[in-house]
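*Asks:* Okay, here's what each chain looks like letter by letter:
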Amino acid sequence: MSNLSRRKLITAGLATAAGASGLAVAAKLAARYGLIPPDAGGPFGAGETLTYAAQRLLTRHSLAREFAPSQISKAPFANAVYPLGEGFQRFQEGAFVDWRLAVDGMAARPAVFSLAQLKSFPWRTQITEIACEEGWSYIAEWKGVPLSHLLDLVGALPQVRYVVYRSFQPDWWESIDMGDALHPQTLVTYGMNGGELPVGFGGPLRLRVPRQLGYKSVKYITRLTLTDSLKRFGKGLGSAAPEGGYAWYAGI
Amino acid sequence: MGNPHKMQTTGQTAVTGRETNDAPPILPSVPLPGRNGRAMGTKSSMAEMRHSALVRITHWITTLSFLALLVTGVEILISHPRFYWGETGNVRTPPLFTLRIPASRATVPTGYGYVLPDQNGWSRYLHFEAAWVAVLTGLLYVGFGVFQGHFRQNLLPASSDLSPKRLANAIARHLRFRRPSGEEAWSYNVIQRLTYLLVIFVFFPLVVWTGLAMSPGFTSVVPATVTVLGGRQTARTLHFFVSGFLVLFLLVHVFMVFLAGFRSRVWAMITGRPAKRMERT
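Sequence order for the protein chains is G and V. When we follow the working numbering, the leftmost residue of the first sequence carries the number 1, and every step to the right adds one. When we follow the working numbering, the leftmost residue of the second sequence carries the number 1001, and every step to the right adds one.
No lab work stands behind these hints, which were simulated from the structure alone. A virtual CB, placed ideally from N, CA and C, is assigned to each residue, including glycine. Incorrect hints may have been included.
To be verified - Covered stretches of chain V (in silico footprint by chain G; criterion: 3 or more residues with CB under 8 Å from a CB of chain G, positions within the stretch not fixed):
hint	region
1	1049 to 1063
2	1251 to 1260
Stated by the list, open to error - From chain G, some residues computed to sit far from chain V (all C-beta separations above 10 Å):
hint	residue
3	Ala27
4	Leu63
5	Glu93
6	Glu133
7	Leu151
8	Glu196
9	Arg211
10	Asp228
Stated by the list, open to error - Restraint ranges, calculated between C-beta atoms of paired labels, are given here:
hint	chain 1	residue 1	chain 2	residue 2	range
11	V	Ser1160	G	Lys74	28 to 38 Å
12	G	Thr11	V	Pro1205	42 to 52 Å
13	V	Tyr1112	G	Leu157	25 to 35 Å
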């Protein structure tokens, strides 16, 4: 073996060892700072983790773009929804007076809120774009209670790391990390473009998460659960999206 | 086989002269007799490389990730084969143009009586994973390419080759599908150099930029990524066109490789050396 190839071999060996231990340290740090998404397993886990970790490091306090009132879309698109069934129709006929949002899980004071109660809380409006993973988009003004306000009201415990939210539609549930849950633009939304939130757009209640794509803004929400781990929910992948083959994190 | 030393007479002495001054030697421990500053074309066995290991490895990783990006990109596109200009656009707004293909969503009016199966889940996962591979590989390639002088030595055209007459000649030779001369097995001609530089430093960055401009997370940090382009839907449309240029490059590139001798060129990009029975000329 010539000197050159031996030196190369040693260098390559050292580089591999350094790379492997570097990766191990990076993985540990990433887990500690909550940079590993719940759907990190499987063939796409590496890419998904890179995307989530990179965006979380970048987006700590960033705000989704907001627009001028003149930019509100004249023709927003509601997208197709599976039939909501008779149960929903009864709520609708009663003008959603009986609609409830339960907040439970790791909270000091779990609570159930009516629409009227939610509307009495401090609210904010924002003009943001909702973009579907399919490629289309529209801009609307959304009105609602910041999710962070509800978390304060119920006394979210310090160890809460995710908020799981469920739709009236049985198989539709999602979750977000605290970066998005405490984000000022994440709204429990009940108004759109100056009026009530139409059923087609998620009325009476929709969670708007404007730093992520549309499928994280679940329509017809009925229940929020505060948790420190997503393992006990569904297949443990974080939400219904990865169970259907879609990424849990939709910031890209 | 072309004599590599011929290269010194082809008007590139200006470039090589500069290289010997400030480009870091590729293998400092090996004395290179008659070395002209290139990785390729000297008598030393190590230096008789057509392509350096870094170029070869990054070439094939990029190939794989580009194909993955292309297939998944088409799958994602099929869910909404309409394009818009500006910030917003959906099936209720007039499109800039529509691709006459069936869609994987029933909500898109296509004129076809059927809806294709939804492939967006894994396509989006793989698209972004392959994008990471392509971007990291690209950074490695550009970083080392600058460090090793790859761009100056192999890709920057000699200024004499950029005269209108010589450029016209080179283009004419390409358009007549002339097989390249023997020495072109060892170095890139001016059209290749300009094309590769355009793909590496213009189209790849553009496709990454227009892609990031569609990320609501990324644009919350750097809104200018999308506002400079004129809006999210403009970014999506540009992403489509830049990808189209990259596909065009891929087709021409593969066609040229066929023209130049497929086995020899592919072999050179795998092993670093052209195959023995290489050129018929």
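*Asks:* Confirm or reject each hint.
*Replies:* Status of each hint after checking the structure:
Counting residues of the region 1049 to 1063 of chain V whose beta carbon lies closer than 8 Å to any beta carbon of chain G gives 0, which falls short of the minimum of three for the stated coverage. Counting residues of the region 1251 to 1260 of chain V whose beta carbon lies closer than 8 Å to any beta carbon of chain G gives 0, which falls short of the minimum of three for the stated coverage. The beta carbon of Ala27(G) sits about 16 Å from the closest Cβ of chain V, which is more than 10 Å, so the claim that it is off the interface holds. A beta-carbon of chain V comes within 10 Å of the beta-carbon of Leu63(G); the shortest separation is about 6 Å.
For Glu93(G), the condition that its CB be more than 10 Å from all CB atoms of chain V holds, with the nearest at approximately 27 Å. Listed as outside the interface, Glu133(G) is inconsistent with that label: its C-beta sits roughly 6 Å from the nearest C-beta of chain V, within the 10 Å cut-off. With a cut of 10 Å on Cβ distances, Leu151(G) stays outside the contact zone with chain V, its closest approach being about 21 Å. Every CB of chain V is more than 10 Å from the CB of Glu196(G) (nearest about 20 Å), matching its label as outside the interface.
Non-interface call for Arg211(G) relative to chain V: violated, since the shortest CB-CB distance, roughly 5 Å, does not exceed 10 Å. The claim that Asp228(G) lies off the interface holds: its Cβ sits roughly 23 Å from the closest Cβ of chain V, which is beyond the 10 Å cut-off. In this structure the hint that Ser1160(V) and Lys74(G) lie 28 to 38 Å apart at CB is violated, the actual value being about 58 Å. Separation of Thr11(G) from Pro1205(V) is about 32 Å and departs from the stated range, judged on CB atoms against 42 to 52 Å.
Taking the beta carbon of each, Tyr1112(V) and Leu157(G) are about 53 Å apart, not inside 25 to 35 Å as hinted.
When the structure is compared with the earlier hints, violations turn up for hints 1, 2, 4, 6, 9, 11, 12 and 13 and for no others.
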